[in-house]
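*Asks:* The lines below spell out each chain.
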Amino acid sequence: MSRLLREHGLAFQDALRRLGGQFVAAFLNLLVIGIALSLPLAMYVVLGNVSDFSRQAAAEPQLTLFLRPDADATVARNIESRLKGHAAIGRYQFVAKAVALEDLKKAAGLSGIVEELGRNPLPDAYVVTGRPDGAEALEALRSEAATWPGVDHAQLDTLWARQVEAVIRGGRTVVVILGSLLGVALVAITFNTIRLQILGRREEIEVSKLIGATNAFIRRPFLYLGTLQGLIGACIAWGLVMFAVGVLERELGVAASLIAQDGVLRRLDIRDTIALAVLAGGLGWFGAWLSVTLHLRRFEPV
Amino acid sequence: MSRLLREHGLAFQDALRRLGGQFVAAFLNLLVIGIALSLPLAMYVVLGNVSDFSRQAAAEPQLTLFLRPDADATVARNIESRLKGHAAIGRYQFVAKAVALEDLKKAAGLSGIVEELGRNPLPDAYVVTGRPDGAEALEALRSEAATWPGVDHAQLDTLWARQVEAVIRGGRTVVVILGSLLGVALVAITFNTIRLQILGRREEIEVSKLIGATNAFIRRPFLYLGTLQGLIGACIAWGLVMFAVGVLERELGVAASLIAQDGVLRRLDIRDTIALAVLAGGLGWFGAWLSVTLHLRRFEPV
Amino acid sequence: MITLSGVTKRHPGGQEAVRRLDLSVARGEFVLLTGHSGAGKSTVLKLMAGIERPTEGTVTVSGQDLGTIRSGALPYLRRNLGLVFQDHKLLLDRSVFDNVALPLRIAGFPGADIGKRVRAALDRVGLLDRERGDPVTLSGGEQQRVCIARAIVHRPAVVLADEPTANLDEAYALEIVGLFRRLHEVGVTLVVSTHSPTAFGDARVREVALRQGILVRSGEARA
Amino acid sequence: MITLSGVTKRHPGGQEAVRRLDLSVARGEFVLLTGHSGAGKSTVLKLMAGIERPTEGTVTVSGQDLGTIRSGALPYLRRNLGLVFQDHKLLLDRSVFDNVALPLRIAGFPGADIGKRVRAALDRVGLLDRERGDPVTLSGGEQQRVCIARAIVHRPAVVLADEPTANLDEAYALEIVGLFRRLHEVGVTLVVSTHSPTAFGDARVREVALRQGILVRSGEARA
Ligand SMILES: Nc1ncnc2c1ncn2[C@@H]1O[C@H](COP(=O)(O)OP(=O)(O)OP(=O)(O)O)[C@@H](O)[C@H]1O
Ligand SMILES: Nc1ncnc2c1ncn2[C@@H]1O[C@H](COP(=O)(O)OP(=O)(O)OP(=O)(O)O)[C@@H](O)[C@H]1O
Ligand SMILES: [Mg+2]
Ligand SMILES: [Mg+2]
Chain A
853 MSRLLREHGL AFQDALRRLG GQFVAAFLNL LVIGIALSLP LAMYVVLGNV
903 SDFSRQAAAE PQLTLFLRPD ADATVARNIE SRLKGHAAIG RYQFVAKAVA
953 LEDLKKAAGL SGIVEELGRN PLPDAYVVTG RPDGAEALEA LRSEAATWPG
1003 VDHAQLDTLW ARQVEAVIRG GRTVVVILGS LLGVALVAIT FNTIRLQILG
1053 RREEIEVSKL IGATNAFIRR PFLYLGTLQG LIGACIAWGL VMFAVGVLER
1103 ELGVAASLIA QDGVLRRLDI RDTIALAVLA GGLGWFGAWL SVTLHLRRFE
1153 PV
Chain B
853 MSRLLREHGL AFQDALRRLG GQFVAAFLNL LVIGIALSLP LAMYVVLGNV
903 SDFSRQAAAE PQLTLFLRPD ADATVARNIE SRLKGHAAIG RYQFVAKAVA
953 LEDLKKAAGL SGIVEELGRN PLPDAYVVTG RPDGAEALEA LRSEAATWPG
1003 VDHAQLDTLW ARQVEAVIRG GRTVVVILGS LLGVALVAIT FNTIRLQILG
1053 RREEIEVSKL IGATNAFIRR PFLYLGTLQG LIGACIAWGL VMFAVGVLER
1103 ELGVAASLIA QDGVLRRLDI RDTIALAVLA GGLGWFGAWL SVTLHLRRFE
1153 PV
Chain C
82 MITLSGVTKR HPGGQEAVRR LDLSVARGEF VLLTGHSGAG KSTVLKLMAG
132 IERPTEGTVT VSGQDLGTIR SGALPYLRRN LGLVFQDHKL LLDRSVFDNV
182 ALPLRIAGFP GADIGKRVRA ALDRVGLLDR ERGDPVTLSG GEQQRVCIAR
232 AIVHRPAVVL ADEPTANLDE AYALEIVGLF RRLHEVGVTL VVSTHSPTAF
282 GDARVREVAL RQGILVRSGE ARA
Chain D
82 MITLSGVTKR HPGGQEAVRR LDLSVARGEF VLLTGHSGAG KSTVLKLMAG
132 IERPTEGTVT VSGQDLGTIR SGALPYLRRN LGLVFQDHKL LLDRSVFDNV
182 ALPLRIAGFP GADIGKRVRA ALDRVGLLDR ERGDPVTLSG GEQQRVCIAR
232 AIVHRPAVVL ADEPTANLDE AYALEIVGLF RRLHEVGVTL VVSTHSPTAF
282 GDARVREVAL RQGILVRSGE ARA
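Protein chains in written order, with my numbering: chain A, 853 to 1154; chain B, 853 to 1154; chain C, 82 to 304; chain D, 82 to 304.
Only chain A is shown next, with the shape it has when bound in the complex (with noise of 0.2 Å):
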């Protein structure tokens, strides 16, 4: 046990000797990783922060139910009553005819326009808020609470919220198509960096093997160096995204504010890091196990 511990010491002291003997080579291949991994992040945080903001905005379909002119309490009531069964329902506010009418002075340029009608012509209304994603379950309660007594008529923003779903789809496969090719570049990375090593390490491997080194004894220190390699290009990467974060925030401002609503972005917290940490020292040990098994055939049967 101890021999196998001293064993395991010794290949990771040659793994990190390894890497800092070759400063500058090491240092460019870590931020070459860092760099790959830095960009699927940076999408992660950004898809995060926009379905922050869709969330609480356009992703969730509106619709609008228009009181007749004549509703009463108990119609409201009646109405309300229905909307609280109903599943597709996100959350449902009740917009006095008084409080539009304030609304419509506040809109651009109609202050003189309301004070001249001497009345208010606007109905009262439901604003109804769907779930995510649950365009459709909307669209059905549409064509039902149209027929409900009370309700004047039903209107959806349908496609708005369906444009908005599309692109926020559209930006989850580009960022499933980035994640794939980075992770692949990673790996291929690692593949590259250890086959490279194992080259360059020729002569001590063969001589290894000739003087009774087991397979596991040489594969040992590869492997630390494809997990260290990935680790630390997450952290690298991980450094990059909350830099630029920071910096996105700064220059965006007060539009920051449009997107988060106390104007700071998300960024990755202790369970994304450690996600991260995870898939990139993973990814590493596999490149570099599919490089040492590959690249080690070579040198059978001697």
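Bear in mind the hints are in silico, worked out from the structure with no lab data behind them.
Computed from a prediction, not measured in an experiment: that's the story for all the values here.
Beta carbons: idealized from backbone N, C-alpha and C, even for Gly.
Some but not every residue of chain B turned toward chain D, in silico, with C-beta under 10 Å:
1) Arg1053
2) Val1059
3) Gly1064
Position chains B, C and D with the ligands relative to chain A; hints supplied.
*Replies:* The following block gives chains B, C and D with the ligands in isolation, referenced to the frame of chain A:
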């Protein structure tokens, strides 16, 4: 002359052989370069599309001049002539009160109200669109126009315009950061590849120098290799981006026509393609040159 | 200890480096392999170390048939061998000390032991003062002696040495021969190839001569 | 042709490989460098080829002082040398043919010439049938002969050979000596190190003996 040509030909063949000889590794390497290049390229294309969109939509801030209800054609003509000479203006449009009423009727849930109005309470208006990025000039125009005879009040949608501008500026910052990072990554990848090639061919370089090879002779295949890698990487990036734009366009569906008026997203044209090839080839050459220059020193004074 | 029976080694190119060879080396024997350049001396040594596999016939070392041995067991068998390669196979990117320490590190010796044993081995080949040096800073003959030190540092039961004196002048060659004799005296089995057998001439050494892969002369076994 | 005057080579480690050496090799001479292992033979040859630079003193080849030569001119000077290295320095990732062709490719010979010359050189060392082979498939002695072929393929005016017969049995060593004699007869200048000078013993050869970096004996110049 013919001998120099022959030597260049041989060096080029050598570079090709080296790429082809280690097919899997070379392929992975090129894939990584391609992916690295495709990202700022994709951002470039996305920004191109977004700025098309923003140019035609929101990045051009709008100023609305509402005329007094009593304004007649003379007053309107007077205002129009003032607008014509103004530098801040991209274009302007006269919206007659009748047209504005029709628009209002079409707006959500207001048709009933408009009919109840009996008469048209809306004023005539001029809608002025500023030049792109000309928000400040338009702001100045607002203060000025508010004092013109016949103008009731002038309303500027500045905040929104500024926010969109900030978003676009943020996007440009991201592209610059990303482009620089990935330019560095490309140089780093080439540097490393060539470095490892040099290490893998240590003996060959050493022996060649010992039996009379000049530095230029030794350098040449590596420079070709770096340039070739950059160029092939550029081809891969080009293909990836064209493919991704296609996928995105299909995914976006209706929404694509929100961004591009005809529903066809902007792609890479011939000038973009040439610029990409020159840049990628150049960066590849530079990475190789750096690597060769730094690492061949080790072989001195042998 | 080592038995080759009916061994033929044919290379992909069609060359027969060794042809129907029967040879048996007893425990504690000192065998000298001689023959012209290309006679098959190195091939015989590689067959004994499991570096080459015979095209026909069987090779047995310490009772284990190298043709059927589990590939996981081969490393442990090799740790009982000490190999001197004709082309040295020193690692140029590490010090003389680390080169000689390699078999000990691979076998998992603890750090304290390693230093002592490496210095003892370097002392036996007269290179103790060069332990911190780089192999490239050594002359051809010095490199060869480092290679010999690496082969004996872990006190193997069997030493297989391929032309260990090729780069040495007569005085050094005699020293190495003396070293091999002392190993022989403490019971180590030795198989050594050479193209200058006179330096080894001794009653306790058995000479095996090859010509074009065929055994042409074999002294009597003397354990 | 080659002149060393007052040459000392001290290595960073503090070793003096060569001490205040005066040696002059005339055009067309055949000089044999002898001495024990570590005497400085390889160092002298490396100094002559500009591979090592002297700590003190000057080395002149074909009238050019290697201490002050433009680094751009050194490659062209080297194309007139044929070098046999003690550690062979064959490229293991290409065929025997390509190894021998290397000096011609570097000097920019046209393709048609290369084939003819390479085959002629391989023929002279008796390895014409192995031209498609890999250096690793060759025995130690065969590799050494490939190295000699590479050194003479471009018909250099000077051949510097470091222990070219170390891995060869007597018969082959004599063949190589014969080859060097024929080169000598057509006017090539030769400097050859060896630890078995008897094989070269000949009236036309001048022996230069080193001991611990110091010239201890130098035959008379015989052009
Ligand atoms: N992998 C191989 N492929 C083809 N031929 C080979 C291979 N290995 C060895 N040979 C040939 O087999 C023959 C015997 O080689 P070996 O190395 O055993 O000779 P040797 O007796 O050690 O010679 P030397 O004294 O020159 O080292 C040689 O002709 C060699 O070229
Ligand atoms: N780069 C170096 N650094 C330190 N010492 C060196 C270096 N190169 C050579 N030496 C030492 O200089 C001495 C002479 O070396 P050289 O290679 O010239 O000997 P040699 O006569 O060729 O010996 P051999 O017959 O063993 O090849 C040796 O002791 C060697 O260890
Ligand atoms: Mg041999
Ligand atoms: Mg020497």
